[in-house]
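K.L.:
Based on the provided sequences and hints, a complete structural model is requested.
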Amino acid sequence: MPPGQNQSWVSEFILLGFSSDPTTNRTLFGAFLLFLSSVLGNGLIITLICLDTHLHTPMYFFLCILSLLDMGCVTTTVPQMLVHLLSRSQTISFAGCWLQMYIFGAEGLTECILFVVMAFDRYVAICYPLRYTVILSWGLCTQLSAGTWACGFFSSLIHTFFTMRLPYCGPNVVNHYFCEGPSVRNLACLDTHVIEMVDLVISVLMVVAPLLLIVASYIRIVQAILKFKSMQARCKAFSTCASHLTVITFFYAPATYLYMRPNSSYSPEQDKQVSLFYNVFTALLNPVVYSLRNKDMKRAFLRVMGR
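The UniProt record's numbering puts the first residue of the sequence shown at 1, with every later residue one more than the last.
Source of the hints: derived by calculation from the structure; they are not laboratory data.
Among the hints, a few may not be true.
[What the hints assert, rightly or not] Distance ranges between label pairs, derived from CB positions:
no.	residue 1	residue 2	range
1	H54	K229	26 to 32 Å
2	I135	F32	42 to 48 Å
3	I135	P268	45 to 51 Å
Just so it is clear, CB atoms sit at the ideal spot from N, CA and C, and this is done for glycine as well.
P.N.:
Structure, rendered in structure tokens:
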């Protein structure tokens, strides 16, 4: 619309969510159970790491941050989806949409960088075991943690600012269960080429670059493990990295599919399903992988329960 003409600006959005057929409702009820399990599981990990001094190591320090981010991601989006499922009103204010998009993006991007830090932690632990606590001092761990949060929240601020400053003067129905960037951006009544380029740069810097660093770290790790003379030591080292690689795979695979595709291949219905998997299931996977397969966490649980 040319400048100077009257136009109505969107003051709220309607989140379309999922359809109301019985099959979908059962799926969403399952998502509710996964949400509760995810919050409780990650909350348990954080509690154990904070209370048990045996877990006050760099690896568990970063795991605690990962659990905190996972809890943040699901609590930012899923409760509202469940409320909208039961309520007739599915609206969210413009400011609320802005805030939800920013927080979810910040937590997701912070997690991308955190996985690099966790890969570096495994690299030092396996390649330089005798100097592990010297290299990864608490001062360095604190700086790395602060750096990941700063990068994630600043990058999300750029993405959210460019997305929400677009003019929204037409339809206000978002075909998603939360204010997700591309879904909201499609409603803008202006060309979105610039914001798409901004998102592409952010994706390359915050998704592709960290993934390449993780791959490089694990190449060095595998080279170091293959030099071990003991088969038992090799198996133990590979087992230590297996949990991290499992979580990384289930995080980056759907994230790459959702945010590294051209806008022309955007598929709302399929993206909502992948996003729900990416948001809820991966957050649940963290406590399952790191707790059920981790002897230190099991011992910590018994120690804390025995108090």
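K.L.:
Hints numbered earlier in the text: which of these fail when held up against the supplied structure?
P.N.:
none
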